[in-house]
Structures are given as structure tokens and as C-alpha cells.
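A.B. asks: Given next are the chains, with one letter for each unit.
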Amino acid sequence: MKRKLPAAALLYVTVIVTCALLVFPIYWLIVTALATPAELRALPPTFWPTAPRWGVFAEIIEQRPILLWLGNSVLAAAGAVTLSMLVSVLAGYSLSRFKVRGGQSLGLFILTAKMLPATLLVIPLFGIFRMTGMIGSLWSIILAHATLIVPFTTWMLKGYFDTIPRELEQAAMVDGCSPLGAMVRVILPVSAPGLAATALYGFVLSWSDYAYARTFLTNAQTNWTANLGLTTMKGEYVSNWADISAAALIVALPVLLIYLFLERYLVGGLTAGAEK
Amino acid sequence: MAGISIERVTKSYGPLQVLKDFSLEITDGEFVVFVGPSGCGKSTMLKILAGLEEATSGTVRIGGRDVTDLAPGDRDIAMVFQNYALYPHLTVARNMGFGLKMRGMPAAEIERRVNEAAQILGVAHLLDRKPKALSGGQRQRVALGRAIVREPQAFLMDEPLSNLDAKLRVHTRAEISALHQRLKTTTIYVTHDQTEAMTMADRIVIMRDGEIQQIADPDTMFRKPANLFVAGFIGSPGMNFFRAELTGARTARLLGREIELPLAKAPGTRELLVGLRPEYLSAGATGPVTFEATPRLVESLGSEKYLYLDLAEENRTSLKDAGSDDRRADQFIARVMDADHVTQGQPVSLSFDPARLHLFDPQTHLALN
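Chains C and G supply the protein sequences, listed in that same order.
Number 537 in our numbering belongs to position 21 of the first sequence; there are no gaps in the numbering.
Number 153 in our numbering belongs to position 99 of the second sequence; there are no gaps in the numbering.
Any given hint could be a false lead.
Among the chain G residues that face chain C by a calculated CB cut under 8 Å, a handful are [stated by the list, open to error]: (1) Leu78; (2) Leu100; (3) His143; (4) Phe152.
Everything labelled a hint here was simulated from the structure, so no lab data went into it.
Idealized CB from N, CA, C, for every residue including glycine.
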């Protein structure tokens, strides 16, 4: 026990420092949003505003079309995630279950697509979208984000499906399901934690994009996503950091809500009880 | 309920042949056990029957209907898996009713059948639980329940007891036998445990390397093994094997004695493989042939003792083929009752009846008597 004590203490210190590093930027964002301009410039810095400006959020929503931007971001992310999940569920399941010639190489090829930097694809995608008349449309963002999301989610889901015993599908097939029916009725419900984690990953990836939105949507203000809109709040000579921080908090809120909603699915263990 | 006919089924994975010309007729209501060591092809044959694997060649008929190319759900069979394969997202009731729902049965009839099966298996109080809230034994019962509610033509069971602890296994074994007596549904049961095979089966099919070694009822399998592999596989502890050189037309030297062999005619070889079950060696000079030996190890099981005895060089044989991998060439085992006086390192008189000896051809390993 005596030897374990320093190790435990080290563990706690590491956890506390890591948490502090992760939480501090969010805390500082909140402080910056609620502080007065004088408090923001004060030295030593103010760690909690004396009279927090709670009205700042309502002001931002009134002054800027932030709700429209948020709506566009939600549409783009939901569209990209739906499209990606449709593709990657089928692809991941096939890679996990069917042993076909070249299947493994195909899987690795899909993974290498993930290794390409997103910016590398901006120019070819721009060319394609211009040809198809999609520049300025949210569809351009949905499709572009899906190309980023699909390779990784396919592999995430393949890994998850690999952990589900094949006997579950076999039992469903003996019970009268077709192979596709067994997947839909048994494997997908059992995979809820994996699907939730994968969908969340895709959502965050799409939500945090700036480069594609900046390239494909610049001239279509009504289709701006939240990230693109946020950057327009920064002035050339003067920036209102309190307003920008408040807007950033509003933009971060949907991801937080989605995480809270999916959290119960993210906790594994749903397959417990399938086997011995 | 229906008979099952398996005709010349083979299965290959590339160059690897896992089932070789498997043929078997199973009558309506029969309980047949496929038994054999790992990799012998017994589970593959069961999956071919279920439609979960495709046979390379051959035909499978259930109730006279050719089902070789039918999907698993169209074969009217139910299967119990080794790991139960319960649907973790469904309650016990919905697990059991899943197959009926897939067949479009009305909800009221599903409920009636699920309740009836749950009563039979004693899981009626668990119907609203999810599988993760059940013990291993309860999951096993639910898996059985999922099979019986379907009232299928046949049950296929793939080592359903192997995940249970020893005590529960014995209990559930008896329950499955009782269930079969009650339902009279044709059952094919796969196991690697010869005790399960002996206690449950109407007929046992012993397999090895994709080939049937013998098909017989448990008593015949024990008393008249067709070859060395079956002889060594059935029985616990396994049969003792000795090399015996013939000293006359029907006599050989065994355990330091001249023995009259139970042979109808003289064998065509100078040497024989002789088998003797440990339980047919008894303590004291009670049998026709008596010899002295010193146990190197004595294991007491309370009612009986296992004596591990040194074997003379002339009778030793190293058999790779005799149904068990852990056989030692330099020892044999006696399983004796009423042997309180027997202790390790002390000479003891043992006897046996030569009529109990099993004789095998040393080349073909087929039984001679």
C-alpha cells in the first residue's frame, strides 16, 4: 500500500491538471463573454466579472443572424452525418462480415482517403461543385463533409461490428430474418453505442469545418454556417471580444446538447448479456 | 416433428476438406448427438443442417423436403447456440417471441406460446428482463425457450451446456433430456463432451477429421467400439491400450501373464493392440487373470480410486490415434471400488477378465473382436 500511494497521488495530479487544461479555455470564453471591456483589459486579469453581462447573448442574437447560421450548420452537419452513416454502416458491416477477394485492400484504400489533408480536396471539390452548379448551396458542404467523414466512420463501425458475435445474426436468420433483416433488426439496435459515437464524431467534424464553408459558401450569406459567420464578427481594426466569445458559446451549445443526448448510447455495454 | 436425412454431404474450404461424405438417417423424434474432438466437423455439419453454411456437395432433407438450398428461416428448425446468442436489446419475452413475430403470428398467440414455454422452463418471472440481467443458467433456459416456442420440426443444439459450471451442466443436461421426452421433437445435439453424449443420446455419431467413425446407441458405443479412436474417446478415464505380441494362435503376453485372447479366429499379424477399460480392472484376486502392480499415484474420488500403474516395456505403445492426446505410454490406469487398503507405493493385487479385452489391428486400428 505504501508503494501505491505516490502512484495514486501522481495519477490524481495528472487528472486534475489535464481537466484544468481542458476546462480553462471554456471558462475563459465564458468570463470574456460576460466581462465589461474595462475588465477584459484589466491587469491583473479579472477571474469573474463583478457584474456579469447576461444580456449579451440576447443582444448578439438580435444583432446578427446567428440563429440562421446555426440552422445552416445543423442542416449541413445533419445532412453530412445522415449521408455518411448510410454509406458507412453498409460499408463497415460488409468489411466486417463478408470475406471477399481484395476486401482488406479496399478497406485500407478507404482508410488512406482519411489520411489526405482536407485542404488537398478543396480545389478538386470546388471544380466539381462549380460544374454541377452547387457552389453557394448547402449541398456542397454536405457532400464535401461526407467525403471527410465516411472513411473514418466506416473503419470505426467496422471495428464495432467486429465485436458483435456472428451468432446474433445467425440466430436472427434461423428465426426467419433475411441477412439484411438480421442486420436491421438485430445488429443495428445492438450497435447503438457504436452508431452514436460514430454519428457524434461525424457531427463534430462537420460542425468544426471552416475551410470548406469559406471556399464554397462565401458569396451566399443566407447559407453561411455558424463558423463562417463567427469569423465575420472580427473587425479589421477593432474586435469586440466579448461579443465574439458570446457568439462562440452559442455556437458551441448544439454540440454540447447533442453530446448530452447521445451520452447514454455512448456508454458501452449494451451487448452485455448476448453471450455467456 | 420430422425425420432428417443427410446424404453424402461434403464441405471444403479451399483445399481443406472439413466434412467427407457424411451420410446419416435420423428418425422422427430421435435424439442424436454428434461428438468428437475440436475441429472434427461436428459444428460445421450442424450449421449446414441449419442453413448457416453451404454444403460443397450433398443433400439435406427435413421431413422429406429437400432443404439443401433453402434459407435458414425457411427450414422450420430452431437452434440453440453455444453462447446463447440472445438479442441483448430485447426483453426475455420478446427474445422468445422474435421468431414467431418474424413469421407474422398474431400477438395474442405469440404471448400464449411464450408464456407456456416460460412456464415449462421456469422463466415466467423473468419475461420482462433483458438478457444482461440474467444468470448464465437463466440465459440458457431463455435460449431453449426461444427454440421451443417455435414448435419446429427439429432442434439443433450447438454445445449449449459448455458455458455453464459443472453442477449446472449436470442439472441442465437432465432438463434437456426431460424436455425431449416431453416434446418428442427430433434433436441434433453437438458436443465434445462424451458424458453428455452418453447420457442424452438415443444414438451417438462419433466424428473425427470430418469423417464418421461410428454410429451407435451409447451402450453399443461403449461395449463394441468400431475402432481404436472410438474406444479411446468413449469412457472416462479412457481405455488403456497395450501392445501384445502373440505367443500362440490366440494367446499373447500381457501384464506379465499368458492370456487367452477373445478371438474367434487367429489374426493375420504377430502383434495386436489390446484395450482394457480402467473399470474392468479390479482390486484383489477376483478375476480369472491376476497380477501384482505398484501404484505410482493413487487418486481417491471417495467412492472409488484411480490407480496409476507402471507398464512394462513389452506392452507399451505410443498411440496418437486413440481418442485422447494426454495418454502416457508408460502407464495404465485402474478404476477400482472398495479399495481403502490401496496406497501409493504399496504393491497391490489386481485382476481382470480376458473376455473384457478389446482387440485392434495395429495397422488399420479396426476392432477385431
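A.B. asks: So, for every hint listed, does it hold in this structure?
C.D. replies: We went through each hint and held it up to the structure:
1. Because the beta carbon of Leu78 of chain G sits about 20 Å from the nearest beta carbon in chain C, more than 8 Å, this interface hint is broken.
2. Hint on Leu100 of chain G is violated. Least Cβ distance to chain C is approximately 11 Å, over the 8 Å limit.
3. Among the interface hints, the one on His143 of chain G holds; its C-beta lies about 4 Å from the nearest C-beta in chain C, closer than the 8 Å criterion.
4. With 8 Å as the threshold, the beta carbon of Phe152 of chain G comes within range of chain C, its nearest partner Cβ sitting at about 5 Å, so the hint holds.
Against the hints set out earlier in the document, violations occur for numbers 1, 2.
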